[in-house]
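Chains X and V, in that order, are what the protein sequence lines are. Counting from 1, position 315 in the first sequence corresponds to residue 315 in the numbering used here; the numbering is continuous, with no gaps. Counting from 1, position 138 in the second sequence corresponds to residue 138 in the numbering used here; the numbering is continuous, with no gaps.
In short, the hints are calculated from the structure, not lab data.
Heads up, the list lumps identical chains together, so a pair's fine if it works in one copy or across two of them.
Listed next, the in silico EDC-like pairs over lysine to aspartate or glutamate satisfying Cα-Cα at most 20 Å (straight line):
#1 K262 / E73
#2 K74 / E295
#3 K107 / D119
#4 K279 / E77
#5 K238 / E273
#6 K76 / E101
#7 K278 / E73
#8 K279 / E73
#9 K115 / E101
2 protein chains.
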Amino acid sequence: MINRIKKLWRLLDAETDGMLITSPENVRYLCGFSGTEGTILLTRTEGFFLTDGRYTIQAQQQVKQLTIITFREKVKELGRLIKKLHVKTLGFEARHVTVAELHDLEKETRLVTLKPCTDVLDRLRMVKDPAEITLLRKAARIAAQSLQEVMPLIRPGIREIDVACELGYRMKKNGGEGPAFQLIVASGYRAALPHGVASLKKIAAGDVVVIDYGTVYRGYASDETCTVFVGKPTARQKKIYSIVLEAHNRAIAALRPGKTLKMIDAAARGYIEQQGFKKYFNHGTGHGIGLAVHEPPRVSYLAEGAAVAGMVVTIEPGIYIPGWGGVRIEDTVVVRDRGCEIITPNDKRCTCVA
Amino acid sequence: MINRIKKLWRLLDAETDGMLITSPENVRYLCGFSGTEGTILLTRTEGFFLTDGRYTIQAQQQVKQLTIITFREKVKELGRLIKKLHVKTLGFEARHVTVAELHDLEKETRLVTLKPCTDVLDRLRMVKDPAEITLLRKAARIAAQSLQEVMPLIRPGIREIDVACELGYRMKKNGGEGPAFQLIVASGYRAALPHGVASLKKIAAGDVVVIDYGTVYRGYASDETCTVFVGKPTARQKKIYSIVLEAHNRAIAALRPGKTLKMIDAAARGYIEQQGFKKYFNHGTGHGIGLAVHEPPRVSYLAEGAAVAGMVVTIEPGIYIPGWGGVRIEDTVVVRDRGCEIITPNDKRCTCVA
Numbered sequence: 001m002i003n004r005i006k007k008l009w010r011l012l013d014a015e016t017d018g019m020l021i022t023s024p025e026n027v028r029y030l031c032g033f034s035g036t037e038g039t040i041l042l043t044r045t046e047g048f049f050l051t052d053g054r055y056t057i058q059a060q061q062q063v064k065q066l067t068i069i070t071f072r073e074k075v076k077e078l079g080r081l082i083k084k085l086h087v088k089t090l091g092f093e094a095r096h097v098t099v100a101e102l103h104d105l106e107k108e109t110r111l112v113t114l115k116p117c118t119d120v121l122d123r124l125r126m127v128k129d130p131a132e133i134t135l136l137r138k139a140a141r142i143a144a145q146s147l148q149e150v151m152p153l154i155r156p157g158i159r160e161i162d163v164a165c166e167l168g169y170r171m172k173k174n175g176g177e178g179p180a181f182q183l184i185v186a187s188g189y190r191a192a193l194p195h196g197v198a199s200l201k202k203i204a205a206g207d208v209v210v211i212d213y214g215t216v217y218r219g220y221a222s223d224e225t226c227t228v229f230v231g232k233p234t235a236r237q238k239k240i241y242s243i244v245l246e247a248h249n250r251a252i253a254a255l256r257p258g259k260t261l262k263m264i265d266a267a268a269r270g271y272i273e274q275q276g277f278k279k280y281f282n283h284g285t286g287h288g289i290g291l292a293v294h295e296p297p298r299v300s301y302l303a304e305g306a307a308v309a310g311m312v313v314t315i316e317p318g319i320y321i322p323g324w325g326g327v328r329i330e331d332t333v334v335v336r337d338r339g340c341e342i343i344t345p346n347d348k349r350c351t352c353v354a
Numbered sequence: 001m002i003n004r005i006k007k008l009w010r011l012l013d014a015e016t017d018g019m020l021i022t023s024p025e026n027v028r029y030l031c032g033f034s035g036t037e038g039t040i041l042l043t044r045t046e047g048f049f050l051t052d053g054r055y056t057i058q059a060q061q062q063v064k065q066l067t068i069i070t071f072r073e074k075v076k077e078l079g080r081l082i083k084k085l086h087v088k089t090l091g092f093e094a095r096h097v098t099v100a101e102l103h104d105l106e107k108e109t110r111l112v113t114l115k116p117c118t119d120v121l122d123r124l125r126m127v128k129d130p131a132e133i134t135l136l137r138k139a140a141r142i143a144a145q146s147l148q149e150v151m152p153l154i155r156p157g158i159r160e161i162d163v164a165c166e167l168g169y170r171m172k173k174n175g176g177e178g179p180a181f182q183l184i185v186a187s188g189y190r191a192a193l194p195h196g197v198a199s200l201k202k203i204a205a206g207d208v209v210v211i212d213y214g215t216v217y218r219g220y221a222s223d224e225t226c227t228v229f230v231g232k233p234t235a236r237q238k239k240i241y242s243i244v245l246e247a248h249n250r251a252i253a254a255l256r257p258g259k260t261l262k263m264i265d266a267a268a269r270g271y272i273e274q275q276g277f278k279k280y281f282n283h284g285t286g287h288g289i290g291l292a293v294h295e296p297p298r299v300s301y302l303a304e305g306a307a308v309a310g311m312v313v314t315i316e317p318g319i320y321i322p323g324w325g326g327v328r329i330e331d332t333v334v335v336r337d338r339g340c341e342i343i344t345p346n347d348k349r350c351t352c353v354a
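If we strip away everything but chain X, and leave its shape as in the complex, we get (with noise of 0.2 Å):
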C-alpha cells in the first residue's frame, strides 16, 4: 500500500504539498481500512489516519503505516494538524468532497489552498494490480458458484425476491461479504425494467429472468448478469437473446489495449442497432469495477480514452422492450496484453431452467 501512496504522489504536482482522501474506496486502496469513517492526510513525508473513537481498536489492526489519530471533532483535528505540519497546497477528492464540507475545512485551514483533484486517484485504480485481480476473481466464483447452487429453484411460482434472498445468502455461506448491490431478479415484463430490483412478483412458465448479482470479497466487488428462460423460449426470445449474446462476443473481441473504450461500446451498439433494436439498448455497454461495483473507465458512447492492460470492466449490452421483457448478459472482464480475460465463469449459452 506504501507503492500505491509513492504512485500518487507521482500524479500530483510538485505544488501540491499535502493530500486529503476521504472517500471510503480510496482510504481503503491506500490504508486497507475498511470501515466506514477513516480520513487519511499526507504529505510528502508523512501520513495519518484520522477515525472516531468507533474505530480505533479496527485501525490499529488494518492500517499499519499511517500514524493513526482518534478524533472528536473531525475537521477541527484536520485544521489542527494541517496547520502543525505546515501544508500550503492540499488537494483533496473533487469528486468526493461536498460543497458544505470544503466550506467547513475552509473555515480551519484559512492560509491555505485547497485544490480540487478529481482523476489521480481514478487513474492509479483504474488499472488493477495482481493482487487486486485475485480478488476480484475470487469475488466471481463465490458468486458463480452460489448462482449455480440457487438455479434448481427458479420454477413457476417461486417469487423473485426469494430467488435473490436464497443467492444472496449463498454468497454469504461461500465466504462473500455480502451483496455488491442490491440483486436484479426480473422475471418476465419486468426483465425491461434494466434495474429490476427483485420483487414479489413470482417467476411463471414461459418468463425470461435477468439475474444480475455480485458479491464482496475483501472490499472487491464482482458483477455478472446471467439471463434464463422459465421453459423453452419462444423463437422472439432465442432470437433476442442471440442478438445479445453476438453484441456481447462482439465488445468481448474487441477489447484489447489500445483500443477505445467508445470503440468496444460501438462493437455491441453497433450490432444492436444494425439488428433494428436500437432504441430498446438504452444503457451504456459497461463500467469498470473495483472496490466500487461502478468505477471509471466507463464502457460508453460517451467514454474517453483507451483500453489499457490490467483494467477490468464489465461488458453487458441488453435489449429491452417494455412490456415483453429484455435480456441482458454481462460478463466481467480483464484487459490482458492481447485481449481480455473473462473473469465471471457462467456460461453464456442459452440457458433454460424448469
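Start from chain X and add chain V according to the hints.
Below, chain V alone, put in the same frame as chain X:
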C-alpha cells in the same frame, strides 16, 4: 408528497426560484422514486424528475406528480431545462453535491446563481409524519421477529458470520428489503469494537455478543442492538450490562419535546461517567433514523437543538473495554408529546442464551 414539496418551498427564501434535489433519500422523500439515479428539479409552479434509460419505466410507475425526463447527459439536460424555465437562483443540496458536480453544473448554468442549501430538507425530514412512523415501526418489527427466530442458533461454536447471515436472510424472508447496514455480531473480545461487523470468529461459552442489526421496509430503516451472554454472565459482565441499561433507560426517560439533545446524551453519558467508565463510552448516544440509517438529529455531546414531537432517534449507549469486550443496548424511539415511545420491540433485560 406534494405536501412535502409545498413545505419545502415554505422553508426556502423568496429569492430562490428553483431547487435541485439530488440525494437519493431526499428524492425518495419528495417523489417516492426508489432507484439509484434520480434528480428532481423544482420551480414554484413546476416539477421535473430526471433519470436515465434504465429507470424510465420505474419512474413512470413511482413518480406521479412530476414530469419525467429521460436524459443521456444529465448535466447538459439540467442546463437546458434550467434555462428554459428561466430559473434565476437555484438552490442545491450543499451536503450532497460534490465540488466537482457543482463545477460541472456551473458550466451549464452561467447566468444562474447557485445557492448552497444545507438544512432545509434535513429540517423537513427530521420530524416524521404518521405514515413514516408506521413504516419505521414495521421495519423494526420485521427485524425483531427475525432476531427472535435466529436467537436459538447463538451457541458456542457458531461463527459470528453465520448468525449475521441467518439474520439477514430471515429479515428478507419476513418482508425486509435488505439489511439497513452491515450487520454487527461481535462476540467476546470483539464486542469491544463498537462497529464489529460479523467476522469468522466462533462464538464461545462465556462470550458477550453484541448484535446491532436493522432492516429496511419501503425505504425506511430500523436499528436496534441487543447484547446477550452465552451462558451465565460473570459478575463483571452483569455489572457492566446493568450500567449500560441504566444509562439507556435514563436517556429514554429524559427524552421529550423541548429537552435539548445534548441533555439526552448527558443523561446516558453522565451515568456511565459516574460509574467510572467514562473513557469506555466513545461515541454519541444516538442519531436520527428514517430513509437513512443515520440522519439528523444527532444525540451527542456535540448535538444542537432540542427534541420535537415526531423525531425518531436511536438511544444506544455502550461500554467498550479493549481486550475484555463490550455491551451496547439500543432502541429506536419516537418523540411524543409527553415523552417517547420505543418502537424496537425486543426486551432489553439481561438475556442469556445457550
